[in-house]
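**Q** For the protein sequence lines, the chains are A and B, in the order given. To convert, note that position 303 of the first sequence is 303 in our numbering; the numbers rise steadily by one, no gaps. Position in the second sequence counted from 1, then plus 1000, gives you our numbering.
A portion of the hints provided could be inaccurate.
To be verified - Think about it this way: if two alpha-carbon atoms lie no more than 30 Å apart in a straight line, the pair counts; the simulated DSSO-like pairs of lysine-lysine are: (1) Lys404(A) - Lys139(A); (2) Lys1113(B) - Lys89(A); (3) Lys109(A) - Lys1033(B); (4) Lys5(A) - Lys268(A); (5) Lys1033(B) - Lys1113(B); (6) Lys404(A) - Lys1033(B); (7) Lys1033(B) - Lys5(A); (8) Lys139(A) - Lys1033(B); (9) Lys139(A) - Lys90(A); (10) Lys5(A) - Lys404(A); (11) Lys1113(B) - Lys216(A); (12) Lys216(A) - Lys139(A); (13) Lys90(A) - Lys109(A); (14) Lys216(A) - Lys5(A); (15) Lys109(A) - Lys89(A); (16) Lys400(A) - Lys5(A); (17) Lys35(A) - Lys89(A); (18) Lys35(A) - Lys90(A).
Said to hold, decoys possible - Computed footprint of chain B on chain A, listed as stretches where at least three residues anywhere in the stretch have a Cβ under 8 Å from a Cβ of chain B: (19) 168–182; (20) 187–195.
These aren't lab readings, by the way, just hints derived from the structure by calculation. As the structure is a computational prediction, the values presented were derived from the model and not from experiment. Yeah, the Cβ is synthetic: ideal placement off N, Cα and C, and Gly gets one too.
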Amino acid sequence: MPKPKMTIALVTTYPPSQGSLNEYAYHFVRCLRDKAEVREIILLTDILPETPSIQYMLSTEASPVPIRVIPCWRFGAWTNPLRILAAIKKVQPDIVLFNLQFATFGDRKIPAALGLMTPACVRLLGLPTVVLLHHLMEKIDLKSAGFGSSIEHVIRFFGTVITRLLLMTDLVTLTMPNYVEFLTERYGVNNVALAPHGAFAETLTEPPHDVNSSGKHVVMTFGKFGTYKRVEQLLEAVALLQTQGRAIELVIAGTDSPNARGYLDAMKQRYAHVAHVTYTGYVPEEQVARVFEQATLVVFPYISTTGSSGVLHQAGEYGKAVVLPYIGDFAEVIAEEGYRGSFFEAGSVASLGQAIAALLDNPQERAAIGRHNYSAAHSLPMSDVVDWYLVHFQYLLNCKQRRKIHAVTDVSDKYYYHPHTHGTV
Amino acid sequence: MQLQMSQINTITILTLTGRFDAYSAPSVETQLKHVSEQAPSYAIVDLSGVNFVDSTALATLVQGMKRCRQANGDVYICGVQQPVRIIFELTRFDSVFRMFSTQAAAVEACFLKV
């Protein structure tokens, strides 16, 4: 007898929205559409400015799984929990997945915090609720991330409250093992699981690792800039290398962070004297491959980090060597996820220049790192990661069904995941 | 990694020894796929001799379990040792899979289902 299929609601940003994690959502949904156990996908996305040409980026490949896009929340709005709850009540999914980071719902403290309370509210409706949390509040340098304040300890306190609320859901998934251990130990919970980031690309053939044999090197950085990703030192390092006679083009691919509007325009003016710099602006999904393929190497000009990096995974998928800072848990990401790179001291232009030059001047080492990163990125494709989620979803639905049958009312049995259980569902 | 196959009545038992990783996962995947195509689709994976699993290995077990459950069967795990148990706990697959301390216990549970 075939197993019943599930309707999954995904609360997320989604292209053409330029909000953080939109690309992750796109690839997650692309793989989810191929799964036999999915009946329907409902995307509860952010509302975009009204233009007649908005087309949501959906997989063009034939798929039996229909997708409904319901724009129902707005970045920065205080009413997002009510809007999302109303939409969920209306569509009645079997399970709700939130694709979140701490600033998903706003660049100001109150709307950001209110939005992060939504998963707990959905759980109170009785729907199995899972949160994919890309960052941990406790691990973020708030100042660097654009949430700096003289009352940082107060923000930290509310951060702890928000984390507790997120942990009221059925399952919180994280992309790094040390984050799972941190939440488990600090909050004494069991409903936290590791689900690796996964590789976006499904390519089976290894790409070339050195596309710039003509002698002109493209140094590329990718992301949302202005908070903890800053390009001042990268521009200065590239200018320094150019004066040493190296033919380098710098590509700054991406936009301002929502918390640092106007940052890249300011950089354009301040560093107008640096030659061969291209600011691409927003890179649509269909252009991402070209941007990575044309790069000789990818630089991560971070002054702090918020955890695992989607851009690092992408660089690996395209077989690129990377230049990385020695900061926070970023080095741990490299070690835990099997990536290699050329490292620099964060804050030092000279060190950054040396790290870039070390790879530009040594094509063999560059290619070796590229191959290594390619292997790391392809160790677990997104399709497999989606399978991990589906088995958790099925487990939660089975638990819910069992509770209905046995009318479980014991409040101490609040969560479905227990330490050292031997699954009996 | 070494893979030994055995059969108790209609239940397939895969006994693995050594590192269970991306290099050794394809052979396990093939066997679990084969189990999912027969009836009853029950397999026991004995990990008592395994000292390391990576994400590809876990993905192989998840896929095998999904296929077998789709065919009204299952994949049971037994004999998991510390380092490997930690990975199952980190991913919460210790709740999702049916896990047993010994092969005999897993076989007994399988017989109740078949």
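**Q** Could you run down the list of hints and mark each one as holding or not?
**A** Evaluated hints:
{"no.": "1", "hint": "Lys404(A) - Lys139(A)", "result": "38 Å, violated"}
{"no.": "2", "hint": "Lys1113(B) - Lys89(A)", "result": "38 Å, violated"}
{"no.": "3", "hint": "Lys109(A) - Lys1033(B)", "result": "50 Å, violated"}
{"no.": "4", "hint": "Lys5(A) - Lys268(A)", "result": "51 Å, violated"}
{"no.": "5", "hint": "Lys1033(B) - Lys1113(B)", "result": "20 Å, holds"}
{"no.": "6", "hint": "Lys404(A) - Lys1033(B)", "result": "33 Å, violated"}
{"no.": "7", "hint": "Lys1033(B) - Lys5(A)", "result": "21 Å, holds"}
{"no.": "8", "hint": "Lys139(A) - Lys1033(B)", "result": "41 Å, violated"}
{"no.": "9", "hint": "Lys139(A) - Lys90(A)", "result": "36 Å, violated"}
{"no.": "10", "hint": "Lys5(A) - Lys404(A)", "result": "18 Å, holds"}
{"no.": "11", "hint": "Lys1113(B) - Lys216(A)", "result": "65 Å, violated"}
{"no.": "12", "hint": "Lys216(A) - Lys139(A)", "result": "39 Å, violated"}
{"no.": "13", "hint": "Lys90(A) - Lys109(A)", "result": "29 Å, holds"}
{"no.": "14", "hint": "Lys216(A) - Lys5(A)", "result": "53 Å, violated"}
{"no.": "15", "hint": "Lys109(A) - Lys89(A)", "result": "27 Å, holds"}
{"no.": "16", "hint": "Lys400(A) - Lys5(A)", "result": "15 Å, holds"}
{"no.": "17", "hint": "Lys35(A) - Lys89(A)", "result": "25 Å, holds"}
{"no.": "18", "hint": "Lys35(A) - Lys90(A)", "result": "24 Å, holds"}
{"no.": "19", "hint": "168–182", "result": "holds (count 4)"}
{"no.": "20", "hint": "187–195", "result": "holds (count 6)"}
The structure is inconsistent with the numbered hints 1, 2, 3, 4, 6, 8, 9, 11, 12, 14, although it conforms to all the rest.
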